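Quick note: the sequence shown uses full-length UniProt numbering, first residue 1, plus one each step.
Rather than coming from a laboratory, the hints here were simulated on the basis of the structure.
Nothing here was measured: the structure is a model prediction, and the numbers come from that model.
Built from N, CA and C at the ideal position, the CB exists for glycine as well.
Among the hints, erroneous ones may be present.
Per label pair, the in silico range of CB-to-CB distance [what the hints assert, rightly or not]:
hint : residue 1 : residue 2 : range
1    : R94       : S43       : 50 to 60 Å
2    : K20       : K84       : 51 to 61 Å
3    : K84       : G22       : 44 to 54 Å
4    : N59       : L34       : 23 to 33 Å
5    : A54       : E90       : 31 to 41 Å
6    : Q93       : P41       : 53 to 63 Å
Listed below are the simulated BS3-like cross-link pairs for lysine-lysine, each with C-alpha atoms no more than 25 Å apart in a straight line [claimed, not checked]:
hint : residue 1 : residue 2
7    : K20       : K49
8    : K84       : K73
9    : K75       : K89
10   : K40       : K29
11   : K73       : K49
12   : K87       : K75
13   : K29       : K5
14   : K10       : K20
15   : K40       : K20
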Amino acid sequence: MAHYKAEDSKREQFRRYLEKAGVLDALTKVLVALYEEPEKPNSALDFLKHHLGALAPENPEIEALRLEVAEMKEKYEAVLEENKNLKAKEIWQRAEF
1 MAHYKAEDSK REQFRRYLEK AGVLDALTKV LVALYEEPEK PNSALDFLKH HLGALAPENP
61 EIEALRLEVA EMKEKYEAVL EENKNLKAKE IWQRAEF
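Take these sequences, add in the hints, and give me the full structure.
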């Protein structure tokens, strides 16, 4: 009988740990989102992974990389526009000769 109480106590400690860490709340939210999804996904596990990943706090390095990518996209677009303008200018200059 004491063996069962020790296991129950261990389980209860683990449950409190999960609750304190916010794991139970996060799992509940994701499972509710899956339940409320009008069209159930083919892979419930992928749905859970995707949505649990969205709940994770953002790593500062990842955020810095996202900003860098956004800046690079802007520079790329500017270079494309400049290239287009230079090509148009070159065509215009050739037509004048």
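Each hint tested on the structure:
1. R94 / S43: 50 to 60 Å: Holds: the Cβ-Cβ distance is about 57 Å, inside 50 to 60 Å.
2. K20 / K84: 51 to 61 Å: Holds: the Cβ-Cβ distance is about 58 Å, inside 51 to 61 Å.
3. K84 / G22: 44 to 54 Å: holds (51 Å)
4. N59 / L34: 23 to 33 Å: At roughly 25 Å between Cβ atoms, L34 and N59 fall inside 23 to 33 Å, so the hint holds.
5. A54 / E90: 31 to 41 Å: Violated, at about 48 Å.
6. Q93 / P41: 53 to 63 Å: Taking Cβ atoms as reference, Q93 and P41 lie about 57 Å apart, which means the hint holds.
7. K20 / K49: Within the cut-off at roughly 21 Å; holds.
8. K84 / K73: The hint holds at about 16 Å.
9. K75 / K89: Cα-Cα ~21 Å, so holds.
10. K40 / K29: Satisfied, since the Cα-Cα distance of roughly 16 Å is no more than 25 Å.
11. K73 / K49: violated (29 Å)
12. K87 / K75: Holds, at roughly 18 Å.
13. K29 / K5: Answer violated: K29 to K5 is near 31 Å, above 25 Å.
14. K10 / K20: holds (15 Å)
15. K40 / K20: Judged against 25 Å, a Cα distance of about 30 Å means the pair is violated.
In the structure shown, a violation is registered for the earlier hints numbered 5, 11, 13, 15, in ascending order.
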